[in-house]
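S.K.: Let the sequences and hints guide you as you build the complete structure.
Protein chains in written order, with my numbering: chain A, 1 to 117; chain B, 118 to 250.
To be clear, the hints were calculated from the coordinates, so they are not data collected in a lab.
All C-beta atoms in this analysis are idealised placements derived from N, C-alpha and C, irrespective of residue type, glycine included.
Don't take each hint at face value.
Interface residues of chain B toward chain A, partial, derived using beta-carbon atoms under 7 Å [unchecked claim]:
| # | residue |
| --- | --- |
| 1 | Thr159 |
| 2 | Glu163 |
| 3 | Leu181 |
| 4 | Asp184 |
| 5 | Ala206 |
| 6 | Met220 |
| 7 | Gly221 |
| 8 | Leu228 |
| 9 | His231 |
| 10 | Phe232 |
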Amino acid sequence: MERIPILRMGELLLVTIQVDMQDQMAMRLQDDLTNAISKFGAKGVLIDISALEMVDSFIGRMISDIAGMARILDATTVLVGMQPAVAITLVELGLSLPGIATALNVERGMALLRRKV
Amino acid sequence: MSDTLGEAPLRSEYDIVLARQLVRRQTQLLGFSLVDQTKMVTAASELARNAYVYGGGGSMRWELVDDGLRRGLKLTFTDAGPGIPDTEAALTDGWSSGSGLGMGLSGARRLVNHFELDSRVGEGTRVSITRWK
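M.R.: The structure is reproduced here in structure tokens:
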């Protein structure tokens, strides 16, 4: 199955989700990312979902879980680039992703992460 | 002439992705706004996953509907799974039969104009949703 690449930039990890993910792919990303945080001692994770046209409860939970696991591993997660239509739908669905730092785009997300780590 | 109804299987995880794409395409053809497309696609994703994961697989039937004033898309998800004993409880936020968040059914209902849940224990579950343009 296709894998979502994780880029390493010093103490930060960068993930750009550009495909309509199957559930297994989302689960694998969760595994890969937590392993990468541990292996590289990463202090921050930036997840760019600007290409995602939909976030349902499964993907929402995956993002929440990643942020939670990263926190336990002493890394901060910032979610960036959510499309407005996706944000509107997600809140109506009942998910507001509490406890996850967000930023409008990659640039602001990187600035936020650099301040935090 | 394009089709006005059809059926897609929900027998693998990839079928859930295909179902989302089918609903996206149909809502685009109907001229739904981007937000309305996204709501319908997200509701379809929740229900398709329920049919596959909890219902052991099933199908999604889609149909272009017209009530004389407006046009819309109706989706019916059917599975032959264990069914839901208490459908009223199943429609409350946080209710979960499995490992999910419990937002699937109740959340999907909020994203559409019409929602109908029919489930019989031991026989299966059918959920119909409609969203108007």
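S.K.: Hint by hint, say whether it matches the structure.
M.R.: Hints, one by one, checked against the model:
1. With a cut of 7 Å, the hint placing Thr159 of chain B at the interface with chain A holds, because the nearest CB-to-CB distance is about 5 Å.
2. The beta carbon of Glu163 of chain B is positioned within 7 Å of a beta carbon in chain A (closest approach about 6 Å), and the interface hint is therefore held.
3. Interface restraint check for Leu181 of chain B: the shortest CB-CB distance to chain A comes to about 21 Å, outside 7 Å, so the restraint is violated.
4. At its closest, the beta carbon of Asp184 of chain B sits 23 Å from a beta carbon of chain A; the interface hint therefore is violated under the 7 Å criterion.
5. For Ala206 of chain B, the shortest C-beta to C-beta distance to chain A is roughly 16 Å, which exceeds 7 Å, and the interface hint is violated.
6. Taken as an interface hint, Met220 of chain B checks out: its beta carbon lies about 4 Å from the nearest beta carbon of chain A, inside 7 Å.
7. Nearest Cβ of chain A to the Cβ of Gly221 of chain B: about 6 Å, under the 7 Å cut. The hint holds.
8. Against a cut-off of 7 Å between C-beta atoms, the interface hint on Leu228 of chain B holds, since the closest Cβ of chain A lies about 6 Å away.
9. At its closest, the beta carbon of His231 of chain B sits 16 Å from a beta carbon of chain A; the interface hint therefore is violated under the 7 Å criterion.
10. Against a cut-off of 7 Å between C-beta atoms, the interface hint on Phe232 of chain B is violated, since the closest Cβ of chain A lies about 13 Å away.
Hints 3, 4, 5, 9 and 10 from the earlier list are contradicted by this structure; the remaining hints agree with it.
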